[in-house]
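> Going down the list, the protein sequences come from chains Z and D. At the far end of the first sequence sits residue 143, using my numbering, and the numbering has no gaps. At the far end of the second sequence sits residue 282, using my numbering, and the numbering has no gaps.
Treat the hints with care, as some may be off.
To be verified - Pairs of lysine to any residue residues, derived as SDA-like cross-links and limited to a Cα-Cα distance of at most 25 Å, are as follows:
no., chain 1, residue 1, chain 2, residue 2
1, D, Lys243, Z, Leu123
2, D, Lys172, Z, Ser44
3, Z, Lys43, D, Glu218
4, D, Lys210, Z, Val39
5, D, Lys272, Z, Ile35
6, D, Lys223, Z, Ser137
What the hints assert, rightly or not - Some chain D residues flagged as far from chain Z (calculated, every beta-carbon gap over 12 Å):
no., residue
7, Ser154
8, Lys172
9, Gly206
10, Arg211
11, Glu216
12, Leu237
13, Asp262
14, Gln270
The set of hints was computed from the structure by calculation and includes no laboratory data. Ideal Cβ positions, reconstructed from N, Cα and C, are used throughout, including at glycine.
Next come the chains, spelled out residue by residue.
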Amino acid sequence: MTLIENEVIATREFGPISRTDIVRYQGASGDLNPIHHDVEFAKSAGFDDVFVVGMLIAGYLATFASDLVGVESITNFKIRFQAQTWPGDLITCSAKFTRHPEASGNQVHVTLELTAKNQNGALAATAFADAQIPKDSSFLSSK
Amino acid sequence: MTKDNPAYTFSMQVEYGKYLEFATATGLKPKAENDNPVVPPTFLATAEAWLPPGTWPAGEILGFDLKRSLHGEQEFTFHKPVRVGDRLTGRIWLESTFSKAGSRGGEMRFSIWVTDFDDENGNSVAQSKMTIIETGPGK
Chain Z
1 MTLIENEVIA TREFGPISRT DIVRYQGASG DLNPIHHDVE FAKSAGFDDV FVVGMLIAGY
61 LATFASDLVG VESITNFKIR FQAQTWPGDL ITCSAKFTRH PEASGNQVHV TLELTAKNQN
121 GALAATAFAD AQIPKDSSFL SSK
Chain D
144 MTKDNPAYTF SMQVEYGKYL EFATATGLKP KAENDNPVVP PTFLATAEAW LPPGTWPAGE
204 ILGFDLKRSL HGEQEFTFHK PVRVGDRLTG RIWLESTFSK AGSRGGEMRF SIWVTDFDDE
264 NGNSVAQSKM TIIETGPGK
């Protein structure tokens, strides 16, 4: 299969996200905002339950992008959070790609346009990953 | 506040144990330690663990209410790959702050926080840019 620009080239599921997944990410990152693990705190802030830390969704999208183009090739990763996700949500990540005309040496500049949606199809986050990949990368030739 | 006059400065060792923990938490298959693996694109979020517990610049400097605050956007730019074994210095500074009328009434306050990461030779290796939004009071 040859990659086609601006069409979905890959999808990957993460989750369903458990409370343990949230706590594991918070411990790993050092972001211990209680709104993501302390139900009483979340309720006092007006929420029905704790919600998933956005940077966990960012981490899933980053893993997805890294596995597509190679972690060492990514030069920029930018995410915009669109809506909260909740314990039990199943996240589907999808990617489109654009190849930029400029090239330096044996490198090609590509941008992955990424989305994360929940099981109802609601958008949780959109992201872009810029990468400099070798011209002979297997990513460009086939999947 | 500028890059040369940051709110916080910290030192950060890119440890294999933290890399493993972060990879596991984000569904990434970790690489072996002897390869000095390149860290994944959002790994520098772990800089938070190198600050004093509870450090939250938006609250401390701008008085944002944690219960009404959201993480709006996050960007990481790499001038070179960050690898396990690197020792970095981070400088956190407030790039800008502004307000908008919220859709549900009240004022939404925005703040953009930059962290510049340098290597041991003082060369810039990466930058994090974080947008924190405080929603208006009341619903």
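> Look at each hint and say if it fits the structure.
Right, here's what the structure says about each hint:
1. Simply put, Lys243(D) and Leu123(Z) have alpha-carbon atoms about 23 Å apart, close enough for the 25 Å limit, and the pair holds.
2. Between Lys172(D) and Ser44(Z) the CA atoms are separated by roughly 37 Å; this puts the pair beyond 25 Å, and the hint is violated.
3. Straight-line distance between C-alpha atoms of Lys43(Z) and Glu218(D) comes to about 29 Å, which puts the hinted pair past the 25 Å bound.
4. For the suggested pair Lys210(D) and Val39(Z), the alpha carbons sit about 13 Å apart, so the restraint of at most 25 Å is met.
5. At most 25 Å may separate the alpha-carbon atoms for a hinted pair to count; Lys272(D) and Ile35(Z) meet this at roughly 22 Å.
6. A hinted pair counts as satisfied when its Cα atoms are at most 25 Å apart, and Lys223(D) with Ser137(Z) qualifies at roughly 19 Å.
7. Even its closest Cβ contact with chain Z, about 14 Å, leaves Ser154(D) beyond 12 Å, as expected for a residue assigned away from the interface.
8. The non-interface label for Lys172(D) is inconsistent with chain Z: the shortest C-beta to C-beta separation is roughly 8 Å, within 12 Å.
9. No beta-carbon of chain Z is positioned within 12 Å of the beta-carbon of Gly206(D); the least distance is around 17 Å.
10. The Cβ of Arg211(D) sits about 7 Å from the closest Cβ of chain Z, inside the 12 Å cut-off, so the non-interface label is violated.
11. With a least beta-carbon separation of about 5 Å from chain Z, Glu216(D) fails to lie farther than 12 Å from that chain, contradicting its non-interface assignment.
12. The beta carbon of Leu237(D) sits about 19 Å from the closest Cβ of chain Z, which is more than 12 Å, so the claim that it is off the interface holds.
13. No Cβ of chain Z comes within 12 Å of the Cβ of Asp262(D); the nearest lies about 16 Å off, and the non-interface call holds.
14. The beta carbon of Gln270(D) sits about 10 Å from the closest Cβ of chain Z, which is not more than 12 Å, so the claim that it is off the interface is violated.
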